[in-house]
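**Q** Now for the letters of each chain:
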Amino acid sequence: MVLEYLTAPLWSPYLAGVGVGVMAVLSFLLADRPLGCSTAFVKTSGMVEVAVRGEGVKEHPYYRKYVPQVDGSWMIVVGIVIGAFLSAMLSGVFALAWVPPLWGETFGYDPVVRVLVALAGGFLLGFGARWAGGCTSGHGISGTLQLSVNSIIAAAFFFIGGIATAMAIYGVPF
Amino acid sequence: MLTALHKNARAQLLIGLLIGIGFGFFLQKGGVTSYDVIVGQLLLQDFTVVKLMLSAVIVGMIGFYFLKGKEMALIHCKNVTLGSVVIGGLIFGAGFAVLGYCPGTVAGAVGQGWLDALVGGVLGMVVGAGAFARLYPRLVGGILARGEFDIRTIPEVLRVNEWVVVAVFVVLMLAVLYLLEVLGL
Numbered sequence: 005m006v007l008e009y010l011t012a013p014l015w016s017p018y019l020a021g022v023g024v025g026v027m028a029v030l031s032f033l034l035a036d037r038p039l040g041c042s043t044a045f046v047k048t049s050g051m052v053e054v055a056v057r058g059e060g061v062k063e064h065p066y067y068r069k070y071v072p073q074v075d076g077s078w079m080i081v082v083g084i085v086i087g088a089f090l091s092a093m094l095s096g097v098f099a100l101a102w103v104p105p106l107w108g109e110t111f112g113y114d115p116v117v118r119v120l121v122a123l124a125g126g127f128l129l130g131f132g133a134r135w136a137g138g139c140t141s142g143h144g145i146s147g148t149l150q151l152s153v154n155s156i157i158a159a160a161f162f163f164i165g166g167i168a169t170a171m172a173i174y175g176v177p178f
Numbered sequence: 175m176l177t178a179l180h181k182n183a184r185a186q187l188l189i190g191l192l193i194g195i196g197f198g199f200f201l202q203k204g205g206v207t208s209y210d211v212i213v214g215q216l217l218l219q220d221f222t223v224v225k226l227m228l229s230a231v232i233v234g235m236i237g238f239y240f241l242k243g244k245e246m247a248l249i250h251c252k253n254v255t256l257g258s259v260v261i262g263g264l265i266f267g268a269g270f271a272v273l274g275y276c277p278g279t280v281a282g283a284v285g286q287g288w289l290d291a292l293v294g295g296v297l298g299m300v301v302g303a304g305a306f307a308r309l310y311p312r313l314v315g316g317i318l319a320r321g322e323f324d325i326r327t328i329p330e331v332l333r334v335n336e337w338v339v340v341a342v343f344v345v346l347m348l349a350v351l352y353l354l355e356v357l358g359l
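Taken in order, these protein sequences are the chains called A and B. Going by my numbering, the first residue of the first sequence is number 5, and it counts up by one from there. Going by my numbering, the first residue of the second sequence is number 175, and it counts up by one from there.
Derived from the structure by calculation, the hints contain no laboratory data. We put the beta carbon where it would ideally sit given N, CA and C, even for glycine. Fair warning: there could be bad hints in the mix.
Which stretches of chain A does chain B cover? Using the computed rule of at least three CB atoms under 8 Å from a CB of chain B, they are [said to hold, decoys possible]:
hint, region
1, 23-36
2, 67-78
3, 123-131
4, 134-144
Facing chain A, according to a computed beta carbon distance under 7 Å, are these residues of chain B, among others [to be verified]:
hint, residue
5, V213
6, S229
7, G285
With the sequences and hints as input, model every part of the structure.
**A** Encoded structure:
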């Protein structure tokens with residue numbers, strides 16, 4: 005029974021969502037911190053900068069706020085990679101691939117094109133997440149569940165920007 | 175409050191890792207570590223992302239306010255600042271659609287084997303976040319502080335018992351999920 009669940013390729017999004025909700029609550033209880041992902045990326049950029057340009061980088065105002073170091077919030081992202089890998093291995097869906105099906109059908113299967121566009125998208129995502137002070141998990145789930153007005157507005161604009169851009173790329177589907 | 179645990183840096187590394195493993199496991203099992211599912215949501219054709227997020231918020235909201243009532247959890251909210259969340263939200267949204275992953279699901283996509291998420295997404299995000307850090311001193315007193323209001327949470331604004339607001343939100347979110355099922359979305 006348990007094994008059947010662990011090896012199922014896909015769960016109901018409701019069941020998976022309940023699991024995510026429990027993780028968000030555990031983060032408040034055990035770490036006194038909202039479950040979020042985007043600070044790990046700015047900490048990484050800080051750590052790279054420190055490695056290249058020296059310790060002085062830590063005096064920069066943003067890196068005084070988000071200290072470039074390996075801490076609990078950074079380990080979250082390492083954990084996500086491991087957790088998704090375990091899940092994919094258990095269900096036998098782990099596979100190395102460059103081009104997602106929907107992208108390939110529309111724009112072709114050249115990995116270079118896909119990676120260049122992903123780089124641009126990643127840049128906007130990392131930049132926008134720090135500008136907004138959080139991402140789909142920090143604002144969208146952890147902020148919203150605290151009934152934070154700021155986070156609810158942020159989540160709405162994540163989707164407004166996302167829907168408008170997706171429809172600009174793929175066309176309005178109806 | 176488990177204050178001693180919160181201050182134990184070594185324990186926090188392990189807790190972060192374990193919570194992340196659970197988070198990544200559920201994201202992958204829920205299907206949201208796929209580009210097609212995320213873009214399908216943004217094209218309003220596949221509602222997996224909304225279903226997963228709303229279920230997480232329902233469970234999380236009840237759990238969090240229960241812990242808060244027991245003085246086991248604290249509110250971590252900032253004031254409303256429109257210059258930050260509206261503009262940042264729109265930039266994030268554009269990246270969300272162009273990349274087809276968000277900061278959590280991009281890590282999950284890497285774990286599942288998507289190399290566009292690793293070579294493009296993660297690298298782009300680190301560079302983008304670093305670029306924001308560089309610009310931050312010029313933005314902090316200006317646009318990022320525009321439209322600030324002394325508003326944190328809905329129960330604080332309405333000055334009502336927080337469980338009333340939680341109950342209303344849970345019912346509304348369940349109604350949205352029910353509607354999605356009825357419409358077959």
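**Q** Please go over all the hints and tell whether each is borne out by the structure.
**A** Do the hints match the structure? See the list:
1. 23-36: holds (count 14)
2. 67-78: holds (count 7)
3. 123-131: holds (count 9)
4. 134-144: holds (count 9)
5. V213: holds, 6 Å
6. S229: Holds. Min distance 3 Å.
7. G285: For G285(B), the interface hint holds, since the closest Cβ of chain A sits about 3 Å away, which is under 7 Å.
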